[in-house]
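Asks: Just so you know, the sequences run in chain order A and B. Basically the numbering used here = 1-based index in the first sequence + 317. Basically the numbering used here = 1-based index in the second sequence + 10.
Please keep in mind that the hints were generated in silico from the structure rather than gathered at the bench. Please note that a few of the clues may not be correct.
Lysine-lysine pairs mimicking BS3-like chemistry, simulated, CA-CA at most 30 Å apart [unchecked claim]:
(1) 364(A) to 379(A)
(2) 364(A) to 394(A)
(3) 408(A) to 65(B)
(4) 408(A) to 394(A)
(5) 379(A) to 394(A)
(6) 408(A) to 364(A)
(7) 65(B) to 364(A)
(8) 15(B) to 394(A)
Part of the chain A face toward chain B, derived, beta carbon under 10 Å [claimed, not checked]:
(9) 345
(10) 353
(11) 361
(12) 376
(13) 380
(14) 384
(15) 389
(16) 391
Beta carbons: idealized from backbone N, C-alpha and C, even for Gly.
Each chain, letter by letter, is given below.
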Amino acid sequence: VTTAPQFDAVIHAPNRLQICALLAAVDSAEFATVRDAVGISDSVLSKHVATLQEAGYVEIRKASVASRVRTWLALTKAGRRAFDAHVAELKRIVG
Amino acid sequence: MERDKLDANAALAAIAGQRREAAERLVTPWWYHPILGVLVGALVAAQGTDSFALKTVTPLLVAAGAGALIAHYRRLTGLWVSGYRRGPAGVLTVALTVGYLALYGVAAGFGSLAASIPAGAVVVALTIVVGRAFDEALRREIVG
């Protein structure tokens, strides 16, 4: 099944694009891992995650491990579809 | 137009960079597959005994051990990828599962240690070989 190219302004912002790219490569990623991979602060990542969550692209799960709460992020089905369509649009532009 | 192209190229490069980052983080410790193999192998080998206690306790120990292994892997990498995914890595997971079921069936069918211990040993070897092939296939798929 090929994805129809569709530019997505929510995803295209540089940090959000990298967040979505990392999450698209896996099923889920820990908040701290995404923060380190993208190279941003906790607060900046929180803001971007909130924007992606508002758009219905990212879901947050909390997991307690050894009395520490860890936050895991994952793309929703809609987020995965939107990201794939955005990548298809970028490839179309590049030609 | 040319600016759009440059922007799109930069975006695609950033995406590729994050895919490489994910692939580099998804490194399984060398002891992961041997331990998983021993756990599942013990479950298979236990089918050859008549001991009800051993047959009851082994699945619980295997479940607890596998759970601890997975939790450690998630803590270590900060990432989680299901084995049952589309592509060659997913095919390897299905092949391993079928292998497990077949060897479990052999061990349970014969019901003797003479059959179940070799079947358990094959499970250990299969887990190590297929597990490492899975890791490589997964990293190739992620980098794209």
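Asks: Given a cut of 10 Å on the nearest C-beta pair, is the interface hint for residue 376(A) held or broken against chain B?
Replies: Constraint on residue 376(A) not satisfied, violated at 13 Å.
Asks: Does residue 394(A) lie within 30 Å of residue 408(A) when you go C-alpha to C-alpha?
Replies: 21 Å, holds
Asks: Decide if the proposed pair is consistent with the structure: residue 65(B) and residue 364(A), CA atoms, cutoff 30 Å inclusive.
Replies: 51 Å, violated
Asks: Closer than 10 Å between Cβ atoms is the bar; does residue 380(A) clear it against chain B? Give me holds or violated.
Replies: Since the shortest Cβ distance to chain B is 9 Å, the answer is holds.
Asks: Does residue 389(A) hold up as a contact with chain B if the rule is Cβ-Cβ below 10 Å?
Replies: 7 Å, holds
Asks: Between residue 379(A) and residue 394(A), is the straight-line Cα distance small enough, at 30 Å or below?
Replies: Cα-Cα ~19 Å, so holds.
Asks: Tell me if residue 361(A) is really an interface residue toward chain B, meaning its C-beta lies closer than 10 Å to one of theirs.
Replies: 16 Å, violated
Asks: Can residue 384(A) be said to touch chain B, with a Cβ gap under 10 Å?
Replies: Violated: closest Cβ of chain B sits about 14 Å from residue 384(A), beyond 10 Å.
Asks: For residue 364(A) and residue 394(A), compute the direct alpha-carbon distance and say whether it is at most 30 Å.
Replies: 21 Å, holds
Asks: Please verify whether residue 408(A) and residue 65(B) have alpha carbons no more than 30 Å apart.
Replies: 55 Å, violated
Asks: Measure nothing beyond the straight line between the CA atoms of residue 15(B) and residue 394(A); if it is 30 Å or shorter, mark the hint as holding.
Replies: 28 Å, holds
Asks: With the threshold set at 30 Å, check whether the alpha-carbon distance from residue 408(A) to residue 364(A) stays at or below it.
Replies: At roughly 28 Å apart (the allowed maximum being 30 Å), residue 364(A) and residue 408(A) satisfy the hint.
Of the hints listed earlier, those the structure fails to meet are numbers 3, 7, 11, 12, 14, in rising order.
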